[in-house]
Amino acid sequence: MVHWSAEEKQLISSVWGKVNVEECGAEALARLLIVYPWTQRFFSNFGNLSSPTAIIGNPKVRAHGKKVLTSFGEAVKNLDNIKGTYSKLSELHCEKLHVDPENFRLLGDILVIVLASHFGRASPPACQFAWQKLVGVVAHALARRYH
Amino acid sequence: MVLSSADKSNVKGVFAKIGGHAEEYGAETLERMFATYPQTKTYFPHFDLGKGSAQVKGHGKKVAAALVEAANHVDDIAGALSKLSDLHAQKLRVDPVNFKLLGQCFLAVVASHNPALLTPEVHASLDKFLCAVGTVLTAKYR
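Each protein sequence line maps, in turn, to chains G and Y. Residue 1 is where the first sequence starts when you use full-length UniProt numbering, and the numbers rise one by one after that. Residue 1 is where the second sequence starts when you use full-length UniProt numbering, and the numbers rise one by one after that.
This is chain G alone, in the form it adopts within the complex (with noise of 0.2 angstroms):
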């Protein structure tokens, strides 16, 4: 079990409170595409990925931004069983989904960005350490039903 010191879990609720999940997921996921152009290779069927203004626009984008990080509030909810919260989802991205588990710390890191951008201004560096370390967590967790 991951050990959280009360000051991480104050800097990640009180950054995860003010966080807009649909524009935030959105952003991310968007980025995470432009940015490491090959993870589009999990989505072929989303439509118009040529462009980084195609990215942004794209609704599908947009939605699957949305449900990944409404996904990731489970574990800021759940900080003491990230593992147990994760499991069937684990499952699914190694079954079903066939995804690199390279690609959830790829996504993290962009996280973390979004971010630094939108709260980090007001944020002490030990902000970026609790992030990346939940984000951190979240992907090992997401890997960890991997066979």
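No lab work stands behind these hints: they were computed from the structure. We put the CB at the ideal spot given by N, CA and C, even for glycine. Keep in mind that a hint or two might mislead.
Covered stretches of chain G (chain Y as the covering partner; in silico rule of three or more C-beta atoms under 8 angstroms from a C-beta of chain Y) [said to hold, decoys possible]: (1) 30-36; (2) 101-115; (3) 122-135.
Assemble chain Y onto chain G, guided by the hints.
Using the frame of chain G, we list chain Y on its own:
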């Protein structure tokens, strides 16, 4: 990876916008990196890494200057950073994985100070640039 002309233009644009704040960004990058990835502190046992450390500020200035130099010679990063590449290979031998960590923190600093500047396209170009710098600095490791 290859930097397109759009990437090069984006990178130059970022550093032009950052301008005189580069040193400050360098120091903040290191501060964030030490806080976010404590294992990076192992390369600085001889430094005071406390808040506001003059050594961290000084080193941040050097790191920023190298990035600015690379951006100013974006057509030949390997040439521009050749001496630094030798230094990292022969003396410093910082494990290659750490350049990505520094890059992530630099992006976070740029994002937090200039959210409007770091559009997705610029984010992509800057990330590629930082990867290229890391590749150059570790190119002579073996």
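>> Need the list of violated hint numbers for this structure, in ascending order.
In response: none
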